[in-house]
Amino acid sequence: MTEQARPSFIGARVKRLEDPRLLRGHGRYVADVRLPGALEVAFVRSEMPHADITAVDAGAAREHPGVVRVLTGSDELVAGREIRGDWRGEIWQTSAQPALAGDRVRFVGQPIAAVVATSRYVAEDAASLVVADYRELQPLTSARASLSDGAPLLHEGWTRNFFRHSHFLGGDPDAAFAAADGVLELRTATQRQTGMPLETRGCVADYDVVSGSLTVWMTNQMPSVVRTSLADVLGVEENRVRVVAPDIGGGFGVKAYLYPEDVVVCLLAMELGRPVRWIEDRREHLLAAIHARQQEHRVQVAYRADGKVLAIRAEVLVDSGAFSVHPWTAGLEAGNALSLLPGPYTIGDYECDAYAVATNKSPFGPVRGVARPAAALSTERAMDQVARATGLDPIEVRRRNLIDARDCPYTTVTGNLIDSASFQEALDRLCEVADYPQLRRQQAEAREAGRLLGIGVACYAEQGASGIHEYLRRGMPTIFGYETALVRMDPSGKVLVEVTTHSHGQGHETTIAQVVATRLQVPLQDVRVVYGDTSRMPYGMGTFGSRSIVMAGGAASAAADKVRLKLEQFAAHLLEISADDLETVDGAVRAKGAPFRSIPISELARAAYHQPHRLPQGMQPLLEAVSTYDTERGTGTWTNACHLALVELDPGLGLLDVQKYVVVHDCGVIVNPTIVEGQLHGGIAHGIGGALLEELVYDEWGQPLSTTFMDYLLPSATEVPRIEAHHIETPSPFSATGSKGMGEGGAIAPGPVLAAALEDALRPLGEVVVTELPLTPERVLRYVDEARGAAADASGDR
Amino acid sequence: MKPASFEYVTARTVEEAVRALADSEGEGKCLAGGQSLVPLMNFRLARPPLLVDLGQVDELRQLRHDDDGSLVVGALVTHREVAGSPLIAERVPLLAEAAREVGHAAIRNRGTIGGSFAHADPVAELPCVGLTLDAEIVAAGPHRRRTIAAADFFQGPFTTALAADEVLVEIRFPASGAERSGWAFCELARRRGDLAVVGVAAQLERRGQRLSARIGLAGVAGRPVRAVAAEAGLSGATPDAASFRAAGEAVAASLAPPSDIHGSAALRRRVASVLTERALERAARRLEAA
Ligand SMILES: Cc1cc2nc3c(=O)[nH]c(=O)nc-3n(C[C@H](O)[C@H](O)[C@H](O)COP(=O)(O)OP(=O)(O)OC[C@H]3O[C@@H](n4cnc5c(N)ncnc54)[C@H](O)[C@@H]3O)c2cc1C
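Chains as they are written, first to last, in the working numbering: chain A, 95 to 892; chain B, 356 to 645.
Please keep in mind that the hints were generated in silico from the structure rather than gathered at the bench. Only a predicted model underlies this, so the values are computations on that prediction, with no experimental measurement involved. Hints are supplied without guarantee of correctness; some may be wrong.
Which chain A residues stay away from chain B? Per the calculated CB distances, all over 10 Å, these [claimed, not checked]:
#, residue
1, 112
2, 247
3, 307
4, 392
5, 518
6, 627
7, 681
8, 749
9, 800
Covered stretches of chain B (chain A as the covering partner; in silico rule of three or more C-beta atoms under 8 Å from a C-beta of chain A) [stated by the list, open to error]:
#, region
10, 365-375
11, 488-494
12, 614-627
A virtual CB, placed ideally from N, CA and C, is assigned to each residue, including glycine.
Chain A with its partners taken away, still in its complex shape (with noise of 0.2 Å):
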């Protein structure tokens, strides 16, 4: 029998199986955890972005009947329990981020008292006795105003307000921009948008005297990480921290730090003997999760008059926040955003500066997509310029642009390898797809009916599945470089996995069961996948940045091969036939050419646990293998994909109705076509959420405006359209499976595609450039008053 004759799962659109339980309602999630005896708290946060804590008067709130303990920045419970996280980079400036403040509040939301009750109502009722008094400070409420000249310094012993600083330079740009045709700049800018999965975060705590030992239930994608962040801070010897992250209600980067109520929680509950828990309001959510996506960049990209983009100089400012966050560290937004804004493109001179600002504002870190969304509307807002400026189609200049896929492993100006790619072939399936000429004929129609239609497009390489090489190039203090699978096969031949990834939305529990059961030749139901409680699991390194089915279904397989391997060895013991001999073919080990002498997988490993003497000299029974996985050169995966939108514009009310959204998507071997649909559509739902909805208010003063759901506007079901997701698979010759990241590229395009479309459509009315997301009816009317006006001056001229 040949290769392709063995059952294989892979590429089968299997439903999920977990969705009778979560789909039941039956999942548990933190908030489910009910212990006896449990306590809850209430934090009191800071009403100041920028302020000396003169006092804090705690008194009545201890009074209060049903408070058992209040906790102030000043107690020596939180003394010195600090949360770091720094970038290993040459100009870096570090900030301590305090469990509860003390002396200073540097954003509203930072939490300044706890108070534990026996009950979250009470709890409640006595945090709003706790009085601070505050001597205010100067917020900086923007990036720009945090690097004027004058600006108070944010943290101590700094010299200006940011983070990191990071120059690049690659090729020879200045000799570019004096050879090109031509030279355009562009201001860009992102605002402050962050993840909202439905379940909030929250955490449970409970301290064993007797054994000195913490079980830490908590929301959040990185178990076995943040148990070693918790043994650090707290203090505690790590082989006495168990963290269970259950069933979690959707990540999206948000719950993939350490936070100062998790420290807060766990030093509680270790103070007080009983259990603590903390079940974050939507409120809190807003103010003091970590935020996201908010950049300012200006652009200067020099071209051929043939449409070809020669150089880029670009600056980047992100605005950060307060406090760098573990353990991803306030860099790494600024770095991702400089290594990625040159694009899926043959740009080989480029130069940029990227700072991450200090401001008096939420603290900033990774959540889908982390900087692609900005620096993708920088890199195509250029094509498209190049495209208006040269009077060239913008489908066209990007294939003079693009990296020709013949040319992969392809190394970028910045030193990322992209390992295979269809970056033309998917261009022409999307003009082909959507059929490009008949949209433009049909918005060429629509516009003689008055009415005004735009068509956007945006192509992107997602980087994915980054591995020790790359986390190593971006200078993190942890280098997230493996994840880690436990394959065990039981006296049944049933088989369980443990995956050190977690899975919160994304379908681990089918397709990594889909690749094993693909390895070992048992049937899909066979297979049990679990994570999440790092008591159980061996350490590894959890869901981010696009890696999973890279990562852990690299490691599963991995671990599946050595326990298929060892049931051969032992076949061929039994049949005294060479192991070379044998093949394992659905459910049986037996002769190549020889089907007949086999024998079933069930009854090897029943005879490997209770025959034990039936086994070859020194094998050892069990049927168990753990084993990571890094890509073949630590350097990842690239997915590309293009995405294309036609809306109309209602010029009147500044509204924008997406009518079309049409996907071609490569994202290697799709394991499962349903989850990776999924994905695509969870992720240009995000980022049409933070092209036209989405965004964290701040006002002048550092008061965030956006603290309800009724001012921070998510897309719903009316909002995202319906999607056209076609595929193309080029395997990565660098992962295990052929499979590569995928899990954010949805949230990359959508910003670029509709500022696109809705300069396009604006164009019968006037040229203008679009720029500034999210495209709320206040912006979208400044542009369609911006191109009236400039259709004004324009014919003034004549």
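Go by the hints and put chain B with the ligand onto chain A.
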């Protein structure tokens, strides 16, 4: 986001509810659909020590027309009932159209017209329609029932003429007396189901050869307002595109709206003008079809 502690009582009649409010020295609050009050309590922006649940007061569920031709809508009639009632569709279709713009299905199932009027959110649709159609609000207090004109009822943001010990019983929409009418409610909301940034209610009425217009606006002041100048400009005019554009301009000129993160004053003024024009156009089409 947990409310402060409160007492809870269920009233079975309007009189019982009024007594409970009076006994709480005006500190108690009626609970109708809870779609505005409960969120306020969770944010602790409202801390009533007593909630008087109106849910079992049958009198408040009435929906009927009176001998004088006016339509009477009980305080507890839900947005969904308003949106779907054949009686309302026939008598005050503008109200039904506006109710469809209120929140999402789940909110319309619970939220009530009385709650919406008593809450008096300046961007709310139904109060705007109430003002536009010169509705009357019937309130019951410890000593008597009284009728308040919509123009006097809405006083400012979240402020009405209701006394602390009064229960809103019903809302009366007087018969217009027009032979034919056309209506429309248009709004700008950031997402479908969101509170409006600006809403416009318009009704064109024909009596013999005479045309008159009613235009009400939400989201442009601390309470719903009538666009008096625009209404006057349209009275007697030929309903055509030019007159509607002029009405829109008149609306914009008359307003000094507030700003918030969903829309600056300038945006509201501009959008009010656009929506007025659109609402009048749609109303005119319906008038013609009538
Ligand atoms: C997500 C969401 C979206 C929404 N969108 C919209 C929208 O687009 N447009 C809109 O207009 N509204 C919207 N609302 C609010 C909704 O319409 C409410 O239903 C309405 O404002 C209040 O009605 P209620 O019956 O829920 O009143 P409650 O919340 O029970 O009460 C509101 C106030 O009115 C008082 N009250 C209620 N009934 C009486 C009475 N009979 N006599 C005296 N006082 C009384 C209460 O004491 C309280 O002060 C939305 C709400 C939500 C949660």
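Status of each hint after checking the structure:
1. 112: 27 Å, holds
2. 247: 30 Å, holds
3. 307: For residue 307 (chain A), whose nearest Cβ neighbour in chain B is about 32 Å away, the distance exceeds 10 Å, so it holds.
4. 392: 26 Å, holds
5. 518: For residue 518 (chain A), whose nearest Cβ neighbour in chain B is about 37 Å away, the distance exceeds 10 Å, so it holds.
6. 627: The claim holds: residue 627 (chain A) sits with its nearest Cβ about 30 Å from chain B, beyond 10 Å.
7. 681: 49 Å, holds
8. 749: Per Cβ check, residue 749 (chain A) is inside 10 Å of chain B; nearest 7 Å; violated.
9. 800: The claim is violated: residue 800 (chain A) sits with its nearest Cβ about 7 Å from chain B, within 10 Å.
10. 365-375: With 0 residues close enough to chain A, the hint is violated.
11. 488-494: It is violated: at least three residues are needed, and the region 488-494 of chain B offers just 0 whose Cβ sits closer than 8 Å to chain A.
12. 614-627: Holds, because 7 residues of the region 614-627 of chain B bring their Cβ atoms closer than 8 Å to Cβ atoms of chain A.
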